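Using the sequences provided together with the hints, build the complete structure.
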Amino acid sequence: MDKENKMSDQRRQRQLQKIGRETQAEFESTRSQLQQRKDYRPEWDYFLDLLMRLFYPDALQVAVDKPVVEHLCNQAPFELFHAMGVHPARLGSGSFNVVRVSSSRLPVLMCPYLKATMGMFELHGGSRLDRLYHVVPTTCDWVVKFPEMADTVQTTCFLELPHLREDEKGQKRWLEEIYGLVRFLEHQTGRKLKRKALKASVQTFMHAWEAVGRLIELRRRRLLSGIWFMVAINSFLLDPIEIWTEHVLKLLDAIQSDSPQPLHQGLFLAGSPIVFPNFKLLNLIEAAGMDVCADDLCTSERIWPGGVCYDNSSCHGLLKTLAERYHRACICPTFADNERRFNSIFNTLEQHRIRGVVFHVLKGCHPFDIESFGLEPKLKQKGYKFLRIETDYVEEDSRNILTRLEAFSGI
Amino acid sequence: MRRSSKQTCKLPGIGNRLVFKRSLIPINEFFKPRSSFDVSIIWIVFILLWPAMATSGSDLEVGGLCPQYVWIDCAQQSRHKNGALTQYYHISHNADIRPDCLDARDYKVLYRFRIRSKPKKHPYGFDLVTPKEGYYSSPVLCGKDGLYFTIKSEGNNIVEVFVVASCGRKQFLAHVIHPIFGKAPHEKPVQKGAAQLPQGLPRLRLGPKFSVRSMYMQTGRAYRFEYMSKYTTAKSVSILENQQHMASLTVSDDGTFAYTPPHDPKLDRSGPYDYKQTVVLVEETGAKREYATTHTLLLHRSYLSHNRLNPGLILFGAVFLAVSLIVVFNRKYRWI
Amino acid sequence: MVTNLRLLTQHVMFLVLTYGGRFGISLGSSLPCFSCPYVLGNGGTCYLMALQGNWWGLQMTWANLMSVMGLQLLTHLGVFILLVIILNKYWCGWICPFGTLQDWLTYLRRWWGIREAQFSWLTKDRLKVIKWILLAYTLLIPLLIAHAGWHYDLHLPFCRSICPAKPLMPLFIGQTRHLALDSTNTVTLVFSILSVSIAAGMLVGMFFKERFFCLFCPLLVLIHIFRNVSPVRFEKNVAGCTGCGNCHRMCPMDIRDVHEQKTDKDVISEDCLLCMTCAEACPEDEVLTIKFFKWRLFSSSRKYMTRRFTKKKVSHG
Amino acid sequence: MSIKVGIDLGSTAIKVVFLENREIVWKKVVPTIPGQAQVANDLISEGLSEIGYSPDQLDDPVVTGYGKSLVHDAGKVIDEVSANALGVFLLSDHKARTVINIGGQDVKVIRLSEAGKLIDFKMNDKCAAGTGRFFEVAGRILDTPVDDFGDLGQSSADTVNISSTCVVFAESEIVSLMAKGIERQPIIRGLHESLARRIAGLAGNHDIEDEVYLDGGSANNRGLVAAIEDELCRDVHVLPYPQFSVAYGAARSLDSMM
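Protein chains in written order, with this note's numbering: chain A, 1 to 411; chain B, 412 to 747; chain C, 748 to 1064; chain D, 1065 to 1322.
Calculated directly from the structure, the hints in this document are not laboratory data. Since the model is a prediction, treat every value here as computed from it, not as a measurement. Each hint can be trusted.
Partial list, derived from the structure: chain B residues whose beta carbon lies under 7 Å from chain C:
no. : residue
1   : LYS492
2   : GLY494
3   : ASP679
4   : ARG680
5   : ASN718
6   : ARG719
7   : LEU724
8   : LEU726
9   : PHE727
10  : VAL730
Calculated Cβ distances over 12 Å to all of chain D for the following chain A residues:
no. : residue
11  : GLN15
12  : GLU168
13  : ILE303
14  : ALA329
Even for Gly, the Cβ is constructed at its ideal location relative to N, Cα and C.
Next comes the structure, spelled out in structure tokens:
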């Protein structure tokens, strides 16, 4: 009996090593592809190195030299973690290969992004990062069940996300949740939340937000391609925030110094997250002669909650501000009262004269799946092009998607 | 403005027990008006007696009796359409007899404005003008309440009024000084009048430090008077309210004396606009005449002297503390 | 920076309205802001005083009312309305000296890092009624004095029994007189006790809650009545709102309407002070716009907002 | 006098058309085999020789279809959806408003404006269900040439229900039906109907315009057309040479540019 277990364990190990190698190769190749692009510039290497940390989480651990908090969605305020002396990060990756690690034990329909995340954990023996916690805002069902399915050894803190936020009840409940998070972190780290620290952290991130804002502006003006933008934002929080910000600023200066020519037809990419190294859709969009110049992906523009503005610098005031900024201002489709999400999309389209929306639906991503049907008629009635692309972490449908995208660009 | 009590408007003597005791002639009884019929009869009698009167000398002496003193009694005001204000004054005295309209000519009313108003400006902006001697005179009229005269003011003015009269050996001089708040849009500039005060009369001046604010006369504030006469004989100063003797004062050698009207509960109870009239009477005997000089003070209730600062501060502190504690301890989240 | 401009205006106006009279400045007695008449040597006075005074004047016959007195009443009213129409709510957010005083308290609170007190939405809505009640009180009592023969010591009921500016503002010219209890008679005593207690309570309230008194200000109501005839416009491009809630959070009066408005573009709500804080905090371009006639004075923009709040410019924040 | 050439490198067949002032002067279809570029070049030269023109009279060929990226010296490349739309629109002299293309590996439902502008299109996902491939597989099992399907299908009055549209499952389902001894005709009819259902589902019956045109190789199949008409409750037109409309559109795309 033991013998068989040992056998199976060994087989498992071999499989993991195999997938590990392939995944690594996938990372490397994606990276080298990016480096061979003609609009590549050396400033990007920093960000590409960061992205590799999705595969080598220990490197991240070493770099930040703090307890790392793995958060799943964007509703938990980064500033708060930072003020508590821990480092928040999204360790999920978009790897095609790593999905295979755990897919056998998971629902077929499950969000592939989470499958990949889970696979990466398993690949690294789950708890390689010392003192790692999970913070899980309960957005969609997959996320809610994630810790259960991943049965991680790390302690997990759930944030009950009120799906109604236009009323007082929801806002109060969320504030309570944030206070709960504070207590959790205080308990885990054994230090108290200091007002000054929180204020400083807010300012630190404000500088990051300003930099990201400039990046967005650049891309809006079609001066920065969608893929590179994604590279920059995907690497967010894979390094101490201050250093990352500096590099973004350097990059901005570098790009603006030699004024590049505007790229081709820009379009708006909505829907499920896209994470390095899975840039399939972005590549196809470029192949079809278009480029993403705006998006609302939670791994891209939406990590930018806009500037955090507060008039009340007390600890409570700051917490309230952060709570609202990450809850009321969040345009994740998981919320029930979300017609303002459409507003924000229409705004961007109008202001930057974008004519087309490509709606990316990952298999099993119900919130976006549902929403795409609500959005389509609204957009078409306003005279915008709309293309819904449902896909998975597989390469085989690239040809089909490309055909659609080409036709789409022709409309 | 509003009159505080009607008695001050009534003529003195009427229905006054004291008067009957001192009266020698029952004519008073006879003269006491009971109805309009009596009044008419009295009229007829006087008209018949007219020639005799005419010959009997031009003073107040009626049946050999003179009033002890004469004072000015501020009566009602009436506002004109254009906002100008007319102030009515009664000429009152404490004679045992009822003065008769024919005496009107024996009274001389002079007045002048002490101040020119600048309505555009803040009260601070008033400037005080003491015009050269030179007065307006106002005709003395007769109403059913007796003798009266009026002064009309277009704008905000402080008016200083004199009533001069004599009776036998007695020489009367009554003062009053008070503000009249005219509101006429285009008030005419106050130019100095033509009439003059008769020479040689003693004067009772409010002051010597005459300030605009002291025109709003209040109880509980000291008022200094200056009595100027050429005689050095003893002077008796008495304070009268509705002819009741309230207090007596002594005049210092330099002819000044001060009077601090006590707080009046009745005034305090009633509103801020009510006032009472207190008469300051100075009597002195000169070489061959007796001088009775009065000054009528329009006294309001004290504006400030009832303010209790410390209790106020204590209350303020207490409430402040109480509310603070409630707020601080009924908190849901941390304050800092 | 809108905020700095506003602070400047507020402080200049505070000096002008509190001490202006000493330098011959007089802006009349129909100002739609709490420039207290009890501050001797002020540069113009609050209309509420004149208003109560004028009603007080109604004890005159209507015939007289048609005369110069009535004319005066009407001029006061006319001037007031004119001022209100020209600069509608700007009087509250940019000029009112008592508002400035409240802001000082708020800055002090922020400086100490004390958080703002919070009302539940329900409480907030219930409080709205109070200013109407106070307005009624202000207008009715003088009428009753004039026509129902109520006691004269009840005159100027708002100033003398409610308004916290009466006890507090004269302190700026070193006059503590209005903190005293007036024991002349029962009415004055009650009035002064009310006045002093309310002032004390309000002082605490104004420290813990930004612009606390403005929640109850009857003048605010009077000003609000004329918002539609005023050229001052505060509009929202409802289609552009992404509902971040900054406007609600930053608003000194915690007004929700701007955030909640989804159909109508006019968002000057009853409590609005036109301090423009919400417009500054709005991260969406051109969503909140303040106009005078058709000229836009300020319009929200993401750039402005990020710049303003990145460079620690948050006032005392 | 120049010749325009349109090449449609489809997944199952390669079609070439020659146009001389907008008329098809020569056309040919061959099954797709590796080395499509070579095949295409051979076809062109073959066509030239047949109609007797010299290469310099050719405009640059316009290439479309899955294989288009494989042909490097193509003068112009156009995506198949646009080419398809244009082709059908022109061939139907500006009547067509909806085009249903049953290709080798995919099904497209294309909507056109009156001006023939591409408004919107739907396309099957990666699954090949309901495509031409479906018939090829069925043909192999029933060992019947696909071209006969039309007549056979219509010849039978009764039908069988074939539930699965997935090529693979359909295969096994047909086998089991045949094992039960059911004739080919009802089975073929059943196939047509199941395919029609599938296509109607994709087209979204409500939001397609009238003037529906069916093209692609399978459009020659009368039985299928009938089934689709039945399913869509609309007349479905078929062009004379439905296989070539894409290539034609590609060829015409040049002068439609001007």
